[in-house]
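Asks: Residue numbers (my numbering), protein chains in the order written: chain A, 2 to 239; chain B, 2 to 54.
Just so you know, these hints were derived from the structure itself, not from any lab. Backbone N, C-alpha and C fix where the C-beta goes; we use that ideal spot for every residue, glycine too.
Simulated restraints on C-beta separations:
hint, chain 1, residue 1, chain 2, residue 2, range
1, B, Gln3, A, Pro37, 17 to 25 Å
2, A, Cys160, B, Gln3, 36 to 44 Å
3, B, Ala53, A, Ser238, 15 to 23 Å
4, A, Cys160, B, His42, 51 to 59 Å
5, B, Ala39, A, Cys160, 45 to 53 Å
6, B, Glu36, A, Pro180, 53 to 61 Å
7, B, Asp38, A, Ser233, 14 to 22 Å
Below 25 Å or equal to it, Euclidean Cα-Cα: the simulated SDA-like pairs (lysine to any residue) are:
hint, chain 1, residue 1, chain 2, residue 2
8, B, Lys32, A, Leu220
9, B, Lys32, A, Ser224
10, B, Lys32, B, Leu43
11, B, Lys32, A, Leu227
12, B, Lys32, A, Leu223
13, B, Lys32, B, Glu47
14, B, Lys32, B, Leu18
15, B, Lys32, A, Ser226
16, B, Lys32, A, His213
17, B, Lys32, A, Ala17
18, B, Lys32, A, Ile206
19, B, Lys32, B, Arg22
20, B, Lys32, A, Glu222
21, B, Lys32, A, Trp207
22, B, Lys32, A, Asp142
23, B, Lys32, A, Arg210
24, B, Lys32, A, Pro144
25, B, Lys32, A, Leu79
26, B, Lys32, A, Phe203
27, B, Lys32, B, Gln46
28, B, Lys32, A, Arg217
29, B, Lys32, A, Pro12
30, B, Lys32, A, Ala15
31, B, Lys32, B, Ile17
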Amino acid sequence: MYARQPKTNLPGVAFACSIVVGLVGIAVALVFFVAPTEATMGDVQRIVYLHVAVAWYGLLSMLVASATGAMYLTTRRLDYDHWSHAATEVGSLCSALTLITGSMWAHEAWGTWWTWEPRLTTSLVMWMMYAGLLLIRSSIDDPHRSARVCSVLAIICVCDVPLVLMATRWFRGVHPVSPEMDHTMRVVLLVSIVSFSILFTFLTIWRTRQLHRAERIELSELSSSLGMLRRSVAMQSH
Amino acid sequence: MQTLIAAYSFAGVGTILYVLRLYVVDLQLSKRQRELDAQLHLSEQEITNRNAA
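Please take these sequences and the hints and turn them into a complete structure.
Replies: As structure tokens, this is what we get:
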């Protein structure tokens with residue numbers, strides 16, 4: 002029957018949150034005050050440290066969503082679908098930020114906000130896939146049915162990851178392949194990628210735990226209502 | 002410089018909005034949990050009263 006559920010660990014979340022915010026703060030400080038100013042583009046080049054970090058996590062999230070989706074299809078355990086759901090949400094945020102920061106950089110570098118260049122187009126397709134996955138999730142009530150459909154779709158959507166990664170090499174475009182950077186720039190870029198990855202991993206874990214908890218509460222509510230119904234039937238029959 | 006600050010602000014605001022959403026969901030879940038616990042407490046009392054009667 003119904004068992005009391007563990008309470009949320011909000012102080013623990015707040016503690017983890019402060020550590021993550023500190024790490025991201027250090028990364029942003031390095032970007033603004035330590036990384037040297039690039040000779041051609043000037044200060045705007047500093048967008049790259051954020052752009053690369055969010056773009057990388059956007060791709061990683063799609064891999065996680067499809068891998069956990071595949072694990073759900075094999076085991077039928079909703080825990081895996083919660084991971085897939087959380088990765089899709091965080092991935093859509095990263096993908097949207099990639100497009101926004103990339104667009105701002107493009108405006109300064111190429112004089113246009115958008116061009117139908119292979120890397121940009123495949124990145125837009127990736128964001129649309131995330132949006133589609135989230136829309137489908139919200140439109141199906143049955144958790145197992147929604148998990149089944151989204152797992153299959155995530156496995157199909159992951160095909161866009163190599164396209165985004167290799168678009169600059171396979172097709173002719175204007176997006177930089179791997180721009181030359183000095184040692185300090187590379188270190189700052191690495192710190193930025195690691196810090197933002199920790200931030201987004203933290204958000205993914207937080208969301209996954211929430212989805213687990215919501216499912217347990219829903220089951221308990223259901224079992225509690227069933228118990229009440231049984232008791233009222235028993236009382237009526239007496 | 003303005004473009005740079007705008008890019009980082011967009012990222013900051015986007016992430017903060019998502020964190021706020023997670024926080025609100027956490028609060029809602031805690032409320033549901035409390036209601037469920039209260040309901041359980043009531044039914045336990047009901048059973049005790051019935052057994053006593």
